[in-house]
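**Student:** Each chain is listed here by its residues.
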Amino acid sequence: MTNFFMTDRRDAIKALLAISAAGALSACLEGPADSGGSTTVSSAPTLSASEMALVSALAQTIIPKTETAGAIEAVVPATIQSLFTEWADDNYRTYWRAGLDKLEKHFVRSGGQPFAKMTASQQSNLLGKYDTQAFAENGFDDFYKSLKSTVATAYYMSEPGASEELAYESVPGEWRGCVPLSEFPKTWAT
Amino acid sequence: MDFDAIVVGSGMSGGWAAKELCERGLKVCVLERGKPTEPTRDYSDFLEPWETKHLDRISKQTAERDFPITGVNYAMKESNRHLWMTDREQPYQRTDDQSFNWRRGAHVGGRSLLWGRASYRFSPFDFEVNKLDGEGVDWPVRYDDIAPWYDHVEKFAGIAGNRDGIEQLPDGKHFQPAFEHTCAELDLKEKLKVSFPERKLIMGRVAHLTKPTEEQLALGRGQCQARNRCNHGCSFGAYFSSNHATLPAAERTGNLTLIPNSAVSKLIHDPVKNRITGVQVVDTETGAGTTHTAKIVFVNASTIGTTLILLNSATEDRPNGLANSSDQLGRNLMDHIGGSQVVAHVPGHLDKYFYGRRPIGAYIPRYRNYPKQEESYKRGWGYQVYSWREGWGANKGIGESFKTGNQTPGPWGIMLDAFGECLPDPTNTVRAHKTKTDKWGQPIAVVDFKLGSNEEALMRAAHADAFEILKAAGFNGFYEATKPDDNLNGVLGRIHEMGTARMGRDPKTSVLNGWNQSHDIPNLFVTDGSFMTSSAVQNPSLTYMAFSARAAHHAADLLQEGEL
Numbered sequence: 160m161t162n163f164f165m166t167d168r169r170d171a172i173k174a175l176l177a178i179s180a181a182g183a184l185s186a187c188l189e190g191p192a193d194s195g196g197s198t199t200v201s202s203a204p205t206l207s208a209s210e211m212a213l214v215s216a217l218a219q220t221i222i223p224k225t226e227t228a229g230a231i232e233a234v235v236p237a238t239i240q241s242l243f244t245e246w247a248d249d250n251y252r253t254y255w256r257a258g259l260d261k262l263e264k265h266f267v268r269s270g271g272q273p274f275a276k277m278t279a280s281q282q283s284n285l286l287g288k289y290d291t292q293a294f295a296e297n298g299f300d301d302f303y304k305s306l307k308s309t310v311a312t313a314y315y316m317s318e319p320g321a322s323e324e325l326a327y328e329s330v331p332g333e334w335r336g337c338v339p340l341s342e343f344p345k346t347w348a349t
Numbered sequence: 035m036d037f038d039a040i041v042v043g044s045g046m047s048g049g050w051a052a053k054e055l056c057e058r059g060l061k062v063c064v065l066e067r068g069k070p071t072e073p074t075r076d077y078s079d080f081l082e083p084w085e086t087k088h089l090d091r092i093s094k095q096t097a098e099r100d101f102p103i104t105g106v107n108y109a110m111k112e113s114n115r116h117l118w119m120t121d122r123e124q125p126y127q128r129t130d131d132q133s134f135n136w137r138r139g140a141h142v143g144g145r146s147l148l149w150g151r152a153s154y155r156f157s158p159f160d161f162e163v164n165k166l167d168g169e170g171v172d173w174p175v176r177y178d179d180i181a182p183w184y185d186h187v188e189k190f191a192g193i194a195g196n197r198d199g200i201e202q203l204p205d206g207k208h209f210q211p212a213f214e215h216t217c218a219e220l221d222l223k224e225k226l227k228v229s230f231p232e233r234k235l236i237m238g239r240v241a242h243l244t245k246p247t248e249e250q251l252a253l254g255r256g257q258c259q260a261r262n263r264c265n266h267g268c269s270f271g272a273y274f275s276s277n278h279a280t281l282p283a284a285e286r287t288g289n290l291t292l293i294p295n296s297a298v299s300k301l302i303h304d305p306v307k308n309r310i311t312g313v314q315v316v317d318t319e320t321g322a323g324t325t326h327t328a329k330i331v332f333v334n335a336s337t338i339g340t341t342l343i344l345l346n347s348a349t350e351d352r353p354n355g356l357a358n359s360s361d362q363l364g365r366n367l368m369d370h371i372g373g374s375q376v377v378a379h380v381p382g383h384l385d386k387y388f389y390g391r392r393p394i395g396a397y398i399p400r401y402r403n404y405p406k407q408e409e410s411y412k413r414g415w416g417y418q419v420y421s422w423r424e425g426w427g428a429n430k431g432i433g434e435s436f437k438t439g440n441q442t443p444g445p446w447g448i449m450l451d452a453f454g455e456c457l458p459d460p461t462n463t464v465r466a467h468k469t470k471t472d473k474w475g476q477p478i479a480v481v482d483f484k485l486g487s488n489e490e491a492l493m494r495a496a497h498a499d500a501f502e503i504l505k506a507a508g509f510n511g512f513y514e515a516t517k518p519d520d521n522l523n524g525v526l527g528r529i530h531e532m533g534t535a536r537m538g539r540d541p542k543t544s545v546l547n548g549w550n551q552s553h554d555i556p557n558l559f560v561t562d563g564s565f566m567t568s569s570a571v572q573n574p575s576l577t578y579m580a581f582s583a584r585a586a587h588h589a590a591d592l593l594q595e596g597e598l
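Chains as they are written, first to last, in our numbering: chain B, 160 to 349; chain C, 35 to 598.
No lab work stands behind these hints, which were simulated from the structure alone.
We treat Cβ as the ideally placed atom computed from N, Cα and C, and that holds for glycine.
Incorrect hints may have been included.
Claimed, not checked - These stretches of chain C come out as covered by chain B in the derived footprint (C-beta under 8 Å, 3 or more residues): (1) 78-85; (2) 93-105; (3) 210-216; (4) 259-272; (5) 439-453.
Isolated chain B, as found in the complex (with noise of 0.2 Å):
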């Protein structure tokens, strides 16, 4: 199936109503991007350099470059910052913004210093307990999960997300039901 936007249940089954002709109903499940943010934070559509910072290093330590490409490899940083200046809209960028913000702060209370500027392994660190809570406490902070769906999605569905790290068959030629696994071992970009 199709993973565009899996944050959650609601999503994967919003990703499902892609590919389908039963879809006309997904329209009311495309609810808006919770605007929740009270901080004052700038109206500019374009991420800021620290912003920006803070999105590519999140990006990276969310999908590091192992012996496949990374977040930054894929350009992850860059199409996120293409949707927040073309595609998104204010409630979005207000969203972004405080959702950033709010993450920074966390980052600098729990390790002293902007995300960015941390070594590698402590960002491992504090994001992958950061991570684990926003799993476990449902409503702890939606927006990374938003973000992090965001940095996915633009990972899987760039060339090397795609085709390399799992599989991807531009014309497939035939469809097969039921196959052995073990012949198409690798989860299907889409």
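Position chain C against the provided structure of chain B, taking the given hints into account.
**Tutor:** For chain C alone, kept in the frame of chain B given last:
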């Protein structure tokens, strides 16, 4: 006369009318409101995921500017949004707090290029049920009348499916090989045989070529490549569309004139001869007005579009619109009812996966109130069934373990998505706005479409049954993607709107006769979804095709016999 016949609209039904009329030797003009469709320019089916803009999501500003009423739906992407009619181009209004979404094409081929492609026959029972339970009016047609035309359109269009031998979902004669089930579907299929033998899971029947015929190959169509990029157009012509099937067939007769960018403003009626004598259009590029004339006119502008044209063609002696002596034009709007989507985890089968991207799911045909009325509600529903293995996601974890976790497919899941029958209700209406007009000066549509008590009861029953089916199969981890309570303010729209110019036996209570011909005006035919007397639960396009072909031959007969 400029032409023998004018067909208004080049979509699913208009393409069929054009093909059949051209093949009968008539000179046919097809008027299309939308732009020309040029596959090399307009299709995005070869765009790789990484070549899309903004992850192929339509931007917030675009959605707000172009689709403020209809919203963005599952098939709308940044890369195919030029195929969708915007609310700016053709606005409409709906009653406050209602939710009907009018989704249309904006190009030659219309929604035949964007449809879900599920292709099911109505059954003998579906044509008799109005008479049996007293809802609406009796269909003036029975299954035996239309069966040869189902054969005719299925053979030409190409439908992949199994002959399942289920009487409420008749088989075709010319099916091409069906797509395969996933092992999650096979699991449910086997368990249903034990738990609910009358509820049968079958492979969806779909208008895709899996073994193209000589005739289909000669039209330049090819075999389905299992890409599931269908909503982007198909460069292989593998699924049925006007663009790759009926219009090329009409074209090769030498009898077709296709005029895009032509928004019909009205039909011109001669009260002395009682005939439609012309079709007045506005060129959407230049704003210039033209009138085309013909001996017969087929209106296939889609249910709401057709209704608007007939209402907007009112004259002094016919102030309620043309072909509306029954006062039924614009009434009885129906669509399939949604509101129940139940997902479950399917244990096991972890050593199995699938290859390719199947363009259709499985199907559970209607089983309630069949063949006898047994429940407190009338009619029933069918389930479209989807299954998958969970793929990559943004689940918990970061770093290398997050990456490797996503490389292995997750557990199997399945979803039952109920499509319920909608009763014909004369108070569900499409009207022409008294003052507001679109940019071509045509009064806009006003849609008033409530969810009735029967529809609500039926969807609640479908929801309960979905849990029952999935629980009896031993599945778990239930999740209600949509539940009936979410969905009580009107009808969202499955993009199956129909019924506003229904056919019937009595001119006092119906707009069209059993040949899709106006009771009032003999040279006027309507064969898009507006002719439907009841909705049944099956996806309706195949039925529109069959009635279009049948009506076209009848019209050609009448013309050639000198009756028109």
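**Student:** If a hint holds in the structure, say so; if it doesn't, say that too.
**Tutor:** Results for each hint:
Look at the region 78-85 of chain C against chain B: 4 of its residues bring a Cβ nearer than 8 Å to a Cβ of that chain, three or more, so the hint holds. Under a criterion of three residues with beta carbons nearer than 8 Å to beta carbons of chain B, the stated coverage of the region 93-105 of chain C is upheld, 5 such residues being counted. Using a Cβ-Cβ cut-off of 8 Å, 4 residues of the region 210-216 of chain C lie near chain B, which meets the minimum of three, so the contact claim holds. Figure legend: the region 259-272 of chain C, annotated as covered by chain B; annotation consistent (4 residues with Cβ-Cβ distances under 8 Å, at least 3 required).
Counting residues of the region 439-453 of chain C whose CB falls under 8 Å from any CB of chain B gives 8; the rule of at least 3 is met.
Of the numbered hints given earlier, the model fails none.
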